[in-house]
Structures are given as structure tokens and as C-alpha cells.
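Chains as they are written, first to last, in my numbering: chain A, 1 to 380; chain B, 1 to 550.
In short, the hints are calculated from the structure, not lab data. If you're wondering where the values come from, they're calculated on a predicted model, not measured in any experiment. Any given hint could be a false lead.
[Said to hold, decoys possible] Looking from chain A toward chain B, a few residues come up when the C-beta cut is under 8 Å (computed):
1. V16
2. G17
3. G55
4. F73
5. S85
6. L95
7. F96
8. Y107
9. K110
10. E152
11. L154
12. E248
Don't be surprised by glycine CBs; every beta carbon is placed ideally from N, CA and C.
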Amino acid sequence: MIIDYEVLKLIWWVLVGVLFIGFAVTDGMDMGVGTLLPFVGKGDDERRVIINTVGPHWDGNQVWLITAGGAIFAAWPLVYATAFSGFYFAMLLALFALFFRPVGFDYRSKIESKAWRNAWDWGLFIGGAVPALVFGIAFGNLLQGVPFHLDELLRPYYTGSFFGLLNPFALLAGLISLGMLTMHGAIWLQLRTSEPIASRAKDWAKIVGLGTIAAFALAGIWLTLGVDGFKVVSMPPLDATPNPLTKEVIVDPYGWLTNYRQYPWTLLFPILGFAGLGLAISLSMRDRAGLGLIMSGLGITGIIMTAGAAMFPFIMPSSSNPNSSLIAWDSTSSHLTLTVMFWAAVIFIPIILTYTTWTYVKMWRRITVEEIRAQDKLAY
Amino acid sequence: MLDSAMVELSRWQFAITAMYHFLFVPLTLGLSWMLVIMESVYVMTGRQIYKDMTKFWGKLFGINFALGVTTGLTMEFQFGTNWAYYSHYVGDVFGAPLAIEGLMAFFLESTFIGLFFLGWERLSKRQHLAVTFLVAVGSSLSAMWILIANGWMQHPVGSEFSFETMRMEMVSFSEVLFNPVAQVKFVHTVAAGYVTAAMFVAGISAYYMLKGRDLAFAKRSFSVAMGFGLASILSVILLGDESGYEVGDVQKVKLAAIEAEWHTEPAPAAFTAYGRPSNEDEETHDAIKIPWLMGLIATRSLNQEVTGLKDLMVEHEIRIRSGMIAYEYLQRLRNGQDTEGNRAMFKDHMDDLGYGLLLKAYIDNPAEATEEQIQMAVKDSIPEVAPLFWSFRVMVAAGFWMLLLFALGFYYNAKRQVQDKRWLLRAFLFSIPVPWIAAETGWFVAEFGRQPWAIGEVLPTSVAASSLAANDLLISLSAFIIFYTALFIIEMFLMFKFGRQGPSSLHTGKYHFETLEKQQAATTKPETDPSGAGAPSASAPANRHLGDGA
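Chain A on its own, in the form it takes in the complex (with noise of 0.2 Å):
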């Protein structure tokens, strides 16, 4: 079957947004238990509880984070060339803190020693709270556009600092990402431990909770009016072979409510953003946290979306030089590429749901400090 080039660029630009939704839903979920893990666990045999809740499943997850940028690579070639070497440094620092992970989990309980478990306790916070932030961080740099150009062999040049991304408003993004990803964390905690473990949690939920919509609603302001977004003026059609040079683009301070004016059922985004974390919030303090793991799941899923739907179809614009900025129509692989990657996200995705869902049923339970200490060696 063949499907036409605009559409399948459509789908992609929809499929990259899944497979990040996944990635935060999931992985988003095991980073923020890990943020949460010094605070919410007093003890080792407590945060055992807490590790062993995500033991099994965080490998995962991260899966969802290692594919977004497998398809970036293979969808939007020039995206993920531009973006990973113009935020080198924030792309290292994330990697880095990425790296406690993977031995975290696994080195952590093999030796009995206190500073040793201690030390990748804190390994564990490190992967979990910096890359949450940095990706956040690096969404409000794409909200505010991005220094960067392409020279006439499309070889990018990134032309701001490392610094320069630290910018207040990507401060802001970074808040909300590393907010709604803990209170993801929390929920679960509340769901999968015993007591005291999973009332500490409820309350860090509840605060981390409020402070994310706080954040959410003033990025929200702040946007409208202070951020400029952009719009395009004229590009080729949706079907050409795409070249990010041949289109203009200008600075429209309202550019980001464009596609909010223009199809007015996008502000569902938002409204699932705070509907989801506020029932999440809510459901979590009746002690429904199952039912609050689903909203909070959805209140992430409408954060992303809404900035997704502000900028599109712009991928990462320039600041620097607008006319450079990589576009969902303009910065796509060929249509065969993507329509091979099409099929193989049609076929395995849905078969990747299905075994990961099974493997979340047979290790479903509460987890006990009694069940580690009686599987002490076997547990992480």
C-alpha cells in the first residue's frame, strides 16, 4: 500500500510524538521514582521497596527513550543531527546522568554497604531528576527558537552556548518536565508500596502535583506573551522533496497560538494537561492512585501535546535565521524511509504493548519491606 509523502509526514511527526508520550509515560515514570528515592525511602530495606517496584520494568521503558531518538534519526535525519550536536553539552550532561541508571539498578544491592548503597541511591537521583530536566530545558529552548543556521550543503551550525540554554523560560520547561515526571513517580509508589512508604508518597504527589500545574499555567502566560513564536509565510508543497531551504519563515510574537486560533479543538491539549493532573491529584488523595496513574499519565500526555500542537508543524525553529528552521514538511527522510519505518512502527508497536503490558500484570503487587528482607538476595 502506498501512502502519499504529506501524509506519511503527518504520521511521523504524530509517531515521534507517541513514542516521546511513551517515553514520559514509562520511562518518565521510573525517573521520577528515582528522583523521589532518598526523600520518600528512609532506609535501605524502604528503598529497596522503592527500587524494586521499577526493577523490573525501568529497562524497558528506557527502550521508549532509546527508540524516539532511533526514529528522529531515521524520520528527521537533519532534527536529530542539528539538535543533538547544538545542545551538545545538555545532550552529554543527559547521557551522563543516564549512565547511574543501568549500573544503579543492578550494582546497587549486590554489596552490603551502607555508603555503597547510599552513594548509588543518589546515582539513582542523578538519572532520574537531570535528564527529566534536561529535557525539558531543551523543549523551552525549541519554544524560543534555537541559534542555529544551515550552510548550502545543509551542514548545521549551532552558533549559541551551553549556557544560553538556561535561559528563565527553558528553567520553567525544565521545572515542569522534572514536576509532572515526579509526580508520575509518586503515584506509582503510592500504588505499588506498603505503608509508610506509599503516604509519603500521596503528600509529595499532592505538592509536587500543584507546583507542575502552577508551573504550567504560568509557562502558558508566559508564552502568550513573552515567548515570539513563528510562522511560516511560504514553502513548497506539502509533497516536495523536502529542502529547509527553500521556505520563509518569520518571528510572529502570537506565532505559537496560531494553530489554537485556527482549529480550536487543539485547546483540548491544555485542558487535558491540567484536567489530567488535577484529577490525578485528586484521585491520588481519595487513595484511588490507580485510577491516578491513568490521569496523571493523560495530564503528561496533554503537556506534550500542547506544545507540540503550539509549534506545528515546526520542529525546531532558528532564531538565529528563521528561514533555516527544520519543519515536519521540510526536514523528513525520503518517502521509502519513511514508509519502510511506517510499517515496522504499525507492526511491532502494537506487539511491544502487548508483552510489555503482560510483564507489568505478573509483577504486579504491593511490595513490602517483609518481601525484601525475605528475598534479600534475589531482590534488587
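Add chain B to chain A, keeping to what the hints say.
Just chain B, lined up with the frame of chain A:
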């Protein structure tokens, strides 16, 4: 023109992180299947010792696996961070197998690995075996996809350059999939991984036998390793990578460089057993040659000749000049002079565009290169010969050494005498690093031998790098070295700790150190022996059959 110091440092960073990653990959590839074998025996016979074997070797597997995951992340990030132009130029082709690797292999492997470690109490016997099996399938599939990607770098089939998008684009997915270079690479690399795991299990089991402890456990593990190892080493050697050297210019250059053959020799070519190859003088000093042998190794025939490097360089010079024309017309086309004549001229020289780009190391516009620059690019068109020559010989020697060990081990094991052949057990123990040496030198030959190309004949390494500053690289490279060194020390500490402890680390109460403790508690009640608690000794064969229980 990119800063050459930055390109050089980017290469060092990639080489260090890739070869470091490859310390952990082969063991994962092989050990996952050995775990499947051990656990299958457990499920079929119900004998507890095979479950213990699965758990113990699984523990070591996990220590290794964690670093494999950690360092694998770097590889995915690094194409984008450090090889941005590469990512743009070939992402259309190279990215696809990588993304499919994620969807098809990584998800499988990573989703089930957690259940392998933590699911023993929550899964039925058969379910757990299925989980172990899926981990092994996942890791081998992942090797397949990454080698399809790598095979394309060596021999870029199924794709075509497009001047409109200024990149390589896929024209046939099946050609990329069934790339002959990828096929042989997959078999060779995966089998090498199986050998690595077999040596690892055999070496550590030999240690227990030498120490005279946990014999039932050690002998069974050793037996599994011998069967698996002998079959694997035979595959590695018989289905060597050489068969892939017949296709494509890069592979031809690599082959000539491995053999330090400067001039084309009449078939069948001689094998240079020793020599000092020099790129400067374009010859090999003090060569000691064995007639016929190379023709047999390289082409598997007596009448096919191996083209020498000098003759290949003559071809390269022609192609560089043609590449300059390609570049000239590419510029015209990109500047909007999209006429039929320009298209036709570009099309005629398009296949040599990559050779033209070799000049980018010396001049921004290759179309204007001087004669001197062309000659420098010709010199650059082959890799440094000496490191390849020696790495290849080290790899082959390591391979044959392991063949000898596995053959002897298999023989004496079948005769049930291996326990008494202490020299052989010692040889196994001290040969544990050998498969890693073979794997690393082999990988080095494959990748260093591809130089000066990032993508064979298409994109030179010097053009592929990101537009970063040398300082950026100094910082990141230092950080990698510090982190990786620390991780390596931690990993080795755990490996040695649990390797020495052996199955006692499972705390089943049946194995050496625990039974030793019990015995001591029973016999030396009044007096406590300060040295007895954990010291391994060769004098405790009492637990010979303890592992057989249940």
C-alpha cells in the same frame, strides 16, 4: 573545512566509546544463549543444579549487561552529537535499521531482562524459560540490525545520492537488508560473541575445578561451555569475515592493507607472516612470506588475485579527479542552475562525489584543488597499514589458540578426564581475556580498515563530523575517560567478587563457602579460626555431590 584536530579527537572519542561498548556486547550475545541452554535442561529434567547454574551465570550476565546498556546509550547519542553531518547525510538509510533495532530487538531484550532477574518467584518454569529465550533472541536480533547498519557503512548498497536533499537516500530496503557484507558480519560477530561467553564460563569453571570446589556445578558448566564453544569457534573461523572482502572497494583496500600487499601479486598470493609495513615508503620491510596461503584465506581460491594497494591508489586518483567534476556540477545544481546538461554531467560523475569530498580536508571547494592537494588525498585514500596488519594477525592467532583450547577441552571433557588436566584448566583460566582481545582487534580491523571513509566511497570521515570546537571534544573525551574508567573498576570489582564466590553467592546453603562455614561451625565449636571464614582452599572436596540435590 573542519578543524582537523577536532575531527581527530572525535575519532578518538568514537573509537574509545565504541571499543569500550564492545567489551560488554560479545559476552551478552553468547551468555544469553548459554543461559537458555542451562535453563532448558532445568525445565526438562527438573534438576535444581541447572537452575542454580542459570541463576549464578545470570548474576555475572547482569553485571556485564548493565554496562552494555550504559555504554550503548552513548553510541546512539554520539552519531548526532559528534557526527552531525554524517547523521544528515546518511540518516535516511542508516537511521532505519537503527530505529527498527529499537522496535524489534531492544524492546524485547530490555523488557524481559528485568523479569529474568526478578521474575523467578512470579513466573512458572516455562514462562521464565520463555523470558530467558526472548532476552537471547532480542540480543542477537539487535546485533543483526546494528550490523546491517554497519555493513552499509562498509558497502553502501541500495541507496543513491540526491542533490536536491544533499544526502544519500534509500532506494531499496531489501538490498540494504541483504547486503552481503552485513550477512557475513552478522554470522562472524555473533559467533565471536558466543565464543567469548564459552571462554568466560569455561575459564571460571576451570578455576573452581582447580580449587577443587563446587565440582558438580563447575563440571556441568564447563561441559555446556565446551559444546557451545567448539561449535562457535568453528563457525567464527570457517565463516570468517574474509568472505565479505570480495565486494566493494573499501573491502578490497582493507584486505590489501591487512596483508600489507602494495603490489598486485599473481594468484594465489603469498601470506606475509611478518613484516614492517610503511605507508611512507609504500612497501613492507623485512617481509617473511608463506606462498599461496593468503590467496586461500582471502579469496578461497587459487586463481583469484588480490589487488595491491598501489594499484588501488591509481584507481582512487582517477576517481578523485572525477569527483572534483561531480562537486563542480553539484554546486551548479544547488545554485539553481538545474539544467539538463548539468544534471547529465553530475550523473556521470556522481558515484565519485565521495572521492571528491576527500579533498575537503585540504580545501573548501574540492573543484579547485591543486595537484599537490590531489596527491595528498590519494595518499589519504588508504588507511594506515601497520596497525591493520598487526591487529589482524593478533585476532587470527587468538582465534586459533581458542580453537586449540576448545578442541582439547571438548576431547578431555568427553573422556571425563578434564578435571585431572590441570595444565589445561589453567590454560582456560588464563585465557579468559583472549576472546576479548580477538573481538577488539577484529572490530578495530573492520572499522579502522574502513578509513578514510565514514561511509565507504561516499562520505569521508573528515567531512562527517559535527561543527564543534576541539575544546568541546577535549572536555567530553576527558569526561568519557574518567566515567568509563570508574565504571570499569566497579564492574571488574563485582565480577571478581562474585566470580571468586561462585555459586555460594546464591545463598542456597549448598555450595562451598556456606557448607564450609557449616562444617567449621560443627567441628571447631570452641575455637574460632580467624582465617577460616572466607579463604578459598584446595582442600575441601567434601561438597562434591552437594549440588546434585533435589
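To see whether the hints hold, each was checked on the structure:
At its closest, the beta carbon of V16 (chain A) sits 11 Å from a beta carbon of chain B; the interface hint therefore is violated under the 8 Å criterion. Interface hint at G17 (chain A): violated, since its Cβ lies 15 Å from the closest Cβ of chain B, which is beyond the 8 Å cut-off. Here the hint on G55 (chain A) is kept, as its CB sits about 5 Å from the closest CB of chain B, short of 8 Å. Given the 8 Å rule on beta carbons, the hint for F73 (chain A) holds: about 4 Å separates it from the nearest Cβ of chain B.
Interface restraint check for S85 (chain A): the shortest CB-CB distance to chain B comes to about 4 Å, inside 8 Å, so the restraint holds. Nearest Cβ of chain B to the Cβ of L95 (chain A): about 5 Å, under the 8 Å cut. The hint holds. About 6 Å separates the beta-carbon of F96 (chain A) from the nearest beta-carbon of chain B, less than 8 Å, and the hint is met. Against a cut-off of 8 Å between C-beta atoms, the interface hint on Y107 (chain A) holds, since the closest Cβ of chain B lies about 6 Å away.
The closest approach between the C-beta of K110 (chain A) and any C-beta of chain B is roughly 6 Å, which is under the 8 Å cut-off, so the hint is satisfied. Because the beta carbon of E152 (chain A) sits about 6 Å from the nearest beta carbon in chain B, less than 8 Å, this interface hint is met. Of the supplied interface hints, the one on L154 (chain A) holds, with its beta-carbon coming within about 5 Å of a beta-carbon of chain B, less than 8 Å. Taken as an interface hint, E248 (chain A) does not check out: its beta carbon lies about 16 Å from the nearest beta carbon of chain B, beyond 8 Å.
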